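Q: The residues making up each chain are set out below.
2 protein chains.
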Amino acid sequence: MHFRKPLLTALVASLCASGAAVAQSNDPATLAKIRDAAMASDWPYQRLEDMTDLVGPRLSGSPGAAAAVEQVAEAMRKLGAKVTLQPVKVPHWVRGEEKAQLVEYTGRPKNVTQNVVLTALGGSSATPAAGLTAQVIVVRSFEELKERAADVKGRIVLFDVAFDQGMADRGLAGPAYGRGSAFRTRGPAMAAELGAAAALVRSVGGADYRVVHTGVTRLDENRRIPAAAVTAEDAMLIARLSKRGPVTMKLVLTPKTLPDADSFNVIADLPGTDKADEVVIVSGHLDSWDLATGANDDATGVTASMGVLETLKKLNLQPRRTIRMVAWMNEENGGKGGATYHQANRATLEKQFAAIESDNGAAGRTFGVLAGIRPQYEKLFAPLQAALLPIGAGVLQRRDVIGAGDLHALEADGVPSFLPLVDSSKYFDYHHTPADTFDKVQPQDLKSHTAVLATLAWYLANLDQPIGRAPEQFR
Amino acid sequence: MHFRKPLLTALVASLCASGAAVAQSNDPATLAKIRDAAMASDWPYQRLEDMTDLVGPRLSGSPGAAAAVEQVAEAMRKLGAKVTLQPVKVPHWVRGEEKAQLVEYTGRPKNVTQNVVLTALGGSSATPAAGLTAQVIVVRSFEELKERAADVKGRIVLFDVAFDQGMADRGLAGPAYGRGSAFRTRGPAMAAELGAAAALVRSVGGADYRVVHTGVTRLDENRRIPAAAVTAEDAMLIARLSKRGPVTMKLVLTPKTLPDADSFNVIADLPGTDKADEVVIVSGHLDSWDLATGANDDATGVTASMGVLETLKKLNLQPRRTIRMVAWMNEENGGKGGATYHQANRATLEKQFAAIESDNGAAGRTFGVLAGIRPQYEKLFAPLQAALLPIGAGVLQRRDVIGAGDLHALEADGVPSFLPLVDSSKYFDYHHTPADTFDKVQPQDLKSHTAVLATLAWYLANLDQPIGRAPEQFR
Chain Z
1 MHFRKPLLTA
11 LVASLCASGA
21 AVAQSNDPAT
31 LAKIRDAAMA
41 SDWPYQRLED
51 MTDLVGPRLS
61 GSPGAAAAVE
71 QVAEAMRKLG
81 AKVTLQPVKV
91 PHWVRGEEKA
101 QLVEYTGRPK
111 NVTQNVVLTA
121 LGGSSATPAA
131 GLTAQVIVVR
141 SFEELKERAA
151 DVKGRIVLFD
161 VAFDQGMADR
171 GLAGPAYGRG
181 SAFRTRGPAM
191 AAELGAAAAL
201 VRSVGGADYR
211 VVHTGVTRLD
221 ENRRIPAAAV
231 TAEDAMLIAR
241 LSKRGPVTMK
251 LVLTPKTLPD
261 ADSFNVIADL
271 PGTDKADEVV
281 IVSGHLDSWD
291 LATGANDDAT
301 GVTASMGVLE
311 TLKKLNLQPR
321 RTIRMVAWMN
331 EENGGKGGAT
341 YHQANRATLE
351 KQFAAIESDN
361 GAAGRTFGVL
371 AGIRPQYEKL
381 FAPLQAALLP
391 IGAGVLQRRD
401 VIGAGDLHAL
411 EADGVPSFLP
421 LVDSSKYFDY
431 HHTPADTFDK
441 VQPQDLKSHT
451 AVLATLAWYL
461 ANLDQPIGRA
471 PEQFR
Chain A
1 MHFRKPLLTA
11 LVASLCASGA
21 AVAQSNDPAT
31 LAKIRDAAMA
41 SDWPYQRLED
51 MTDLVGPRLS
61 GSPGAAAAVE
71 QVAEAMRKLG
81 AKVTLQPVKV
91 PHWVRGEEKA
101 QLVEYTGRPK
111 NVTQNVVLTA
121 LGGSSATPAA
131 GLTAQVIVVR
141 SFEELKERAA
151 DVKGRIVLFD
161 VAFDQGMADR
171 GLAGPAYGRG
181 SAFRTRGPAM
191 AAELGAAAAL
201 VRSVGGADYR
211 VVHTGVTRLD
221 ENRRIPAAAV
231 TAEDAMLIAR
241 LSKRGPVTMK
251 LVLTPKTLPD
261 ADSFNVIADL
271 PGTDKADEVV
281 IVSGHLDSWD
291 LATGANDDAT
301 GVTASMGVLE
311 TLKKLNLQPR
321 RTIRMVAWMN
331 EENGGKGGAT
341 YHQANRATLE
351 KQFAAIESDN
361 GAAGRTFGVL
371 AGIRPQYEKL
381 FAPLQAALLP
391 IGAGVLQRRD
401 VIGAGDLHAL
411 EADGVPSFLP
421 LVDSSKYFDY
431 HHTPADTFDK
441 VQPQDLKSHT
451 AVLATLAWYL
461 ANLDQPIGRA
471 PEQFR
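Read top to bottom, the protein sequences are chains Z and A.
Residue 1 is where the first sequence starts when you use the UniProt record's numbering, and the numbers rise one by one after that.
Residue 1 is where the second sequence starts when you use the UniProt record's numbering, and the numbers rise one by one after that.
Quick caveat, the hints were computed from the structure, so don't treat them as lab data.
This one's a predicted model, so the numbers in the text were calculated from it and none came from an experiment.
Among the hints, erroneous ones may be present.
To be verified - Mimicking DSSO-like on lysine-lysine, the simulated pairs with C-alpha atoms at most 27 angstroms apart in a straight line are: (1) 99/A to 250/Z; (2) 313/Z to 78/Z; (3) 153/A to 99/Z; (4) 256/A to 110/Z.
Use the sequences and the hints to build the structure in full.
A: Next up, the structure:
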C-alpha cells in the first residue's frame, strides 16, 4: 500500500522533493511549532472580520456568497496557495416580507391583535401577497400530528417542541439539535401532505430573547407550502391561547425561489512533496444564512481552515501530502458543494487520505478531535494528542455515526473524516439567528481552534502509517 | 398631628369603625398571614397571563392600552374594590416601517449592502417614506459629540456606548441603566441641535442576541429628527467599519405622532376604617412599549399591586388607611398618569400617607424594600422586616435619590415612597425589547413580589406612628 513507507525513506524523499523546504515530520518539536504559531496569529481573526463585516451574509446565490468566494480566493492567492474555483450549481432562495398576527382568539379584546415574530424557512413557498388567514393547530410530536390528521386540512400547523437546552448544557448540543431540527426539516412536508395551508415550527435553539432561528425545510417539489420558524416565546403564546379556544392567524410570507445560480467551492492547495497526489482536506462552509453574518456558522470554520495554510506557509513547512483548504458552497440549503466535490473525485477517492471540517463554530473552547476512523487506528494519534494537550485540546474521540455536513458523501464512500471538538453549549443560542455575528467569537477561541486544525492537518499529511477507511457503518 | 394616636386608641377606634371586619393590626401574626396568603396565591400570575396574552402590548393611545384599562377595572370590580377611572390625556405615538442598510463603506464588495437591525425611539419623527441616506458619525460620549460638532450637520449620529452589564451583575442595574439611557433620552436632541439628519443610539441593555431596546427620547418640539436604537451588534459593526473609512446608511423610519389620546389611570380602593381619608398607594404602570407584551415592564407591577387587594379581600382584612391600587397610564412616554394624579391631589397631599410603586419587574428575587423616608423613621420598619425575613425579603434600604417613575411628582412634594428591591441583574436584558414576555416571569417570583407589596401596604396602612415626609433632597 502506498502509505507504508518507513520514516527514514519518507524523510529522505521529502528532502529531495522539497528542495530548500524544511523537512516534513510529525516529531514533537514540529507539531509544537505549528501549534504555537497558530496560537500566536491574529490572521484568521482578521479574515473573520473581513468576511463578516465587509461581505456579511452569504446565502447561496446571493451577492454576499459571490463576494465571499472572491474574498477567500484572493486571500489564499496572496498566501501563495494554488487556488481553484470549482463550479457548483446552487439553489437560489430569497427571503421576502414576513409577518404574522393573531387576529382571533378566545378573550381577544376589541381592536386588539397580537404580532407574532417569525422568519421563513429556506425552501418555504409564499403566501398570497395579501397573506393567508387560517386557524392554528398546535402539535407537540409527529405522532400527535398523525392523530389529528383530520383537523389539519386548510389549517396552519405549529410544531411546538422546545429545544432541550439541558442536553446542550450537558455536552449534547448536537443530539439536542438533531431532535429539534427534525421538526423543522421534515415537519412542514408532513403537514403539507395532510393538506395544511402552512406550517410553523418553534425556533430550534436555546436563547430566550424572542429570537428566530431559520434553517432549511425539505418540501416535496410538488407540494410546497409556506413554512416559518416562530420564536420560542410566540410558540408558547399560541399554545397558551389555544388552550382557551381556537386561534386564528394571518400570515404573510413572500419568499421566492429563483433559478439555480452559479457559484463555487474555493479550493486552495498547499502542495505536498513525495505524496502530493494524496490529499488532506481542511474545510468549512462559505455560505451562511441570510439573517446574520454567519460568524460561527461558518466563517470560523473557513477562516480557521485558511489559517492552517497561513500557519504552515509562515513556518515554511511543506507537508508530504497536499493540504487542501476547501471553503464549501451551499452547506445550508442544498449541500451542492460537498456533492460536487465528491462527484468530481469519486474515481480516485483513495487519494482523499482524510478530510477535516469545522462546522460547529468557535464560540467556545476547542478541546480535541472527533475522528471518523476505525478503532484499530486510534492509537496512531497519541503523538497528536500529546502535542495538543498543552492548549487543552488533547481529547481524541472516535465517531461511529456519520454526519459531517459537506463531507457526508466522502465519508459514506470511505474517506476518514475529522471534526474539531468544540464546547457547543452556547452554539445553538446563535445558530441560524440574526445574532450569529463577529462579536460572538473570542479571538482566543479562534486561535486554539486554528491550532487544532493546523496541527491535525499537518499530522495527517505527514503520517507514515495508513489510517484505513471510514468506519463500516458510515456506508 | 393626625398620625400620633396611641396604639390602644387606634385599635378601639378601628374596631368600632369596622363593624364585623377583622381588627386591623400590625401584629406579627397578621403580617405573617398576609405574607403567607400572597405566597400561596396564583391569582396575580393569572392576571399577568390575561394581561400579556389577551391584551398584549399596551403603548399609550393604543387599543391594547384601552383594553388593559377595561381588563384591570373589571378584575378589581369583581374583587369588590371601589374602582375609579381617572381621565388622563396621553401622547399617541405609533411605530411605522423601520429598516436601515449600510450602502457604502470602505471595502464593500460589489452589490453588497449590510442590513442594520434597529427600532424607532418613542417620539422619533419620520424620515421621508423613501428613506434618507447620509454618512454615519460614531461618537462615544457627549463630549466627543461636542468636539466633533462641525462634522455633525446632515449626518446620522450614532452614540455607541455599551451598557455596563458588569455593574448590573454587581447589583447596580439601575445606575447602569441611568448612564446608558442618558444617551437615548438626551442624545438625539443634542444631535438635532447640531443639525444632524438623524440619531441612533446603541440599545441600552445587556443581552447579546441582536435585540433592540426601544424607549423614549426627548426631542425639542421644534427640532425633531428620526431617532432609533440599533442593536449592540450593529453598533459595533458600524464602529468597526468606521475605522476603515466613511460609512453611509440608508435609513427608513416612518412613525407617526397622532393627536393626544384619552386614557385613564385605573384606581381601585380598599377603603380604610378610622383613617379612611388617608391613602397608601400600591401601584405599577399599565402602559408598556409596543414591541412586547410588557410582562416585566410593568405587568408584574400592576398585577402584584392588584394582588395586594385580592390578598386582603380574601383574608377579610380591612386596613385603617385606604389602600389604593393604581395602574398608572403613560409611564413610558410622557408620565401623564402620575402627573394627573398629583395634580388632582396636590391640595391635600398630606392625606397621601405613602406610595408604593413596583416598576423593576419580577424577573428575579424580591429581597426587600427601598424606602424614600428620612433616617429617623427607619427603625419603625423593624416589625415589617421581621415579617418578610422568612421569604428572604427582610432588607430595608433607605433611598436618598428621587426617581420612582409615576411617583416622582408625589415624592417631590413630600410623599414618602417605597419600591420593592428586586434582583434586576437580568431585567435590562429584556427591558423595552420584544422579549419582555410572560414566560420571563417565574410564578414563584411574582408570589414573593406580591407578598412584599401586600405586607408593606398593610403595614403602612395600619401604622400608628407617623413616617414623616420624603427626604428633604427629593424636593
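Q: Tell me the numbers of any earlier hints that the structure contravenes, in ascending order.
A: 3
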